[in-house]
Amino acid sequence: MDAFFASVELLRYPQLKGLPVVIGGGRRRDDDMFERLRAAFPEREWGPDTLDRIPVEFFPRLANYTGRGVATTATYAARQFGVGSAMGLMKAAKLCPQAILLPVDFDEVRRISRLFKSTIAEIAPVVEDRGVDEVYIDFTDVPGGQRENGRVLARLIQKSIFQATGLTCSIGVAPNKLIAKMASEFKKPNGISIVQPEDVQSLIWPLPCRKINGVGPKADAKLQSHGIHTIGELAARERAWLIEHFGKSYGAWLHEVSWGRDERPVVTESEPVSMSRETTFERDLHAVRDRGELGAIFTRLCEQVAADLQRKGYRGKTIGVKLRYDNFQIVTRDVTIEHFTDDATTIRRQAGLCLKRVDLSRRIRLLGVRVGKLVKPGTEDAAAPGYSESTPPKTPRDKATDEHTDLLFPELDS
DNA sequence: TCTGGGGTCCTGCCGCTG
DNA sequence: TCTGCAGCGGCAGGACCC
93 MDAFFASVEL LRYPQLKGLP VVIGGGRRRD DDMFERLRAA FPEREWGPDT
143 LDRIPVEFFP RLANYTGRGV ATTATYAARQ FGVGSAMGLM KAAKLCPQAI
193 LLPVDFDEVR RISRLFKSTI AEIAPVVEDR GVDEVYIDFT DVPGGQRENG
243 RVLARLIQKS IFQATGLTCS IGVAPNKLIA KMASEFKKPN GISIVQPEDV
293 QSLIWPLPCR KINGVGPKAD AKLQSHGIHT IGELAARERA WLIEHFGKSY
343 GAWLHEVSWG RDERPVVTES EPVSMSRETT FERDLHAVRD RGELGAIFTR
393 LCEQVAADLQ RKGYRGKTIG VKLRYDNFQI VTRDVTIEHF TDDATTIRRQ
443 AGLCLKRVDL SRRIRLLGVR VGKLVKPGTE DAAAPGYSES TPPKTPRDKA
493 TDEHTDLLFP ELDS
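Going by this note's numbering, the first sequence opens with residue 93, and the numbers climb by one from there.
You may find that some hints are simply not true.
[Said to hold, decoys possible] Computed spacing ranges between beta-carbons, pair by pair:
hint: 1; residue 1: His318; residue 2: Asp418; range: 31 to 37 Å
hint: 2; residue 1: Met179; residue 2: Ser368; range: 21 to 27 Å
hint: 3; residue 1: Asp141; residue 2: Ala344; range: 50 to 56 Å
hint: 4; residue 1: Arg455; residue 2: His321; range: 36 to 42 Å
hint: 5; residue 1: Arg243; residue 2: Arg203; range: 27 to 33 Å
hint: 6; residue 1: Lys186; residue 2: Glu363; range: 41 to 47 Å
[Claimed, not checked] Below, simulated SDA-like cross-link-like pairs (lysine to any residue); rule was C-alpha separation at most 25 Å, straight line:
hint: 7; residue 1: Lys303; residue 2: Glu220
hint: 8; residue 1: Lys303; residue 2: Thr260
hint: 9; residue 1: Lys109; residue 2: Phe198
hint: 10; residue 1: Lys183; residue 2: Pro309
hint: 11; residue 1: Lys414; residue 2: Thr164
hint: 12; residue 1: Lys183; residue 2: Arg160
hint: 13; residue 1: Lys404; residue 2: Val196
hint: 14; residue 1: Lys209; residue 2: Phe198
hint: 15; residue 1: Lys186; residue 2: Glu220
hint: 16; residue 1: Lys209; residue 2: Glu149
hint: 17; residue 1: Lys303; residue 2: Gly258
hint: 18; residue 1: Lys465; residue 2: Ser366
hint: 19; residue 1: Lys209; residue 2: Gly405
hint: 20; residue 1: Lys209; residue 2: Glu101
hint: 21; residue 1: Lys303; residue 2: His347
By construction, these hints were calculated from the structure, which means they are not laboratory data. All residues carry an ideal CB built from backbone N, CA and C; glycine is no exception.
Construct the complete structure from the given sequences, taking the supplied hints into account.
Laid out in structure tokens, this is it:
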């Protein structure tokens, strides 16, 4: 198989090029920005169509941010100050207060994302969706796909995406998905990188292990503790040694990827496994002292998940909750019921029972509701029978926390 | 004044069942 | 009837990704 990995660079304000910009923080602020512009320039029409003419001084600054958001991404100018993705915005504001803070405009991102993917699919129809701004493409059977080792087709895709969206796109071309993904990062933005099987030793082995898609901070730290810093050093280890130290599955996988081997096909269709909604509170909440607020948020999350299921046409039978305490410890509880549901009341009842099984004496930072084991209605017979809808047996821990949940969810015992 | 939201997949543990 | 074992599914936690 010959694979492309293409990722599009999403920044829609050309006048901010070269400036420190951080994207993140959650809420959309464009409306506020347009209000200020209308006040300053009442004679002009301001809106999403005039984004490229908005004066730089009207963009919100990171220094004014208060809240619990994190940076989704940052421009290179902002990165020079030490700001990076997944960093708390309050910390980022200390490092680079003058940076412009842009909200994530989810509607616009979704619109551009669809355009990006449909443009590619018209040229090369075997496309795997890897998130809003990334795809894998199998171009083995695309006419002309092999010209100049794929470079001609990659250029065509880049050009078409720019014409459709006005955005640049980085593409990696390689014999498999693993290498194509790494290659796409060689030249950013708007680059094309081609890696042949014989280039693995010269181009891939010098890279840090963290560049492998699937090696995260934990695995990287463990590799480093064994003196393994680069993919080449990883490849030098015996397969058996890796299995001994990283487990049968992960160790064997590390060995394969270090030699650039990856047999995964480009998967064009997939069904969701679960759907969830979660929220981090503005301040940590307590099940008893803040029960009104918490109960309302809990109900809203259940309603949102139910609405998501209904809108997308799925039902699920595993219902669960997720809590993050003030010390960042995460606990989850879930239960599998006998029938599939997309009903908010059922979800809330079962999620409420799950909540009864966690420690609610501690302050809570985040609350989430999840529905898993999804099916499309009409295919429900395929699933095996699960738990009955009765309350699971009580443990001493459960009994100790009952008094809190009963205050939060009195209707559960009615 | 650190640390979002929405996902997937894997692993270990435990209880049930034959 | 009791025990040990293997297989399996559910559950909880964790790593990872965008």
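Status of each hint after checking the structure:
Range check, His318 to Asp418: about 35 Å between beta-carbon atoms, so the 31 to 37 Å window is met. Against the hinted window of 21 to 27 Å, the Cβ-Cβ separation of Met179 and Ser368 comes to about 24 Å, which satisfies the hint. The supplied range of 50 to 56 Å is met by Asp141 and Ala344, whose beta-carbon atoms lie about 53 Å from each other. For the pair Arg455 and His321, the supplied restraint of 36 to 42 Å holds, since their beta-carbon distance comes to about 40 Å.
Between Arg243 and Arg203 the CB atoms are about 29 Å apart, so this pair conforms to the stated range of 27 to 33 Å. Between Lys186 and Glu363, the C-beta spacing of about 43 Å keeps the proposed range 41 to 47 Å intact. For the proposed pair Lys303 and Glu220, the alpha carbon gap of about 21 Å is at most 25 Å, so the pair holds. Proposed proximity of Lys303 and Thr260 is supported: the alpha carbons are some 22 Å apart, at most 25 Å.
Pair hint Lys109 plus Phe198 holds up; C-alpha atoms about 21 Å apart against a cutoff of 25 Å. Annotation: proposed proximity of Lys183 to Pro309 holds, straight-line Cα distance about 20 Å (limit 25 Å). Distance hint between Lys414 and Thr164 is fulfilled; the C-alpha atoms sit about 22 Å from each other, no more than 25 Å. Distance hint between Lys183 and Arg160 is fulfilled; the C-alpha atoms sit about 10 Å from each other, no more than 25 Å.
Between the alpha carbons of Lys404 and Val196 the distance comes to roughly 23 Å, so the proposed pair stays at or under 25 Å and holds. Simply put, Lys209 and Phe198 have alpha-carbon atoms about 16 Å apart, close enough for the 25 Å limit, and the pair holds. As the CA atoms of Lys186 and Glu220 are separated by approximately 39 Å, the hinted pair breaks the 25 Å bound. Note on Lys209 and Glu149: the hinted pairing is violated, with a Cα-Cα distance of about 34 Å set against a maximum of 25 Å.
Proposed proximity of Lys303 and Gly258 is contradicted: the alpha carbons are some 28 Å apart, above 25 Å. Taken as a hint, the Lys465 and Ser366 pair is honoured in the structure, with Cα atoms around 6 Å apart against an allowance of 25 Å. Pair hint Lys209 plus Gly405 holds up; C-alpha atoms about 22 Å apart against a cutoff of 25 Å. Annotation: proposed proximity of Lys209 to Glu101 holds, straight-line Cα distance about 13 Å (limit 25 Å).
Distance check on the hinted pair: Lys303 and His347 sit about 15 Å apart at the alpha-carbon level, within 25 Å; holds.
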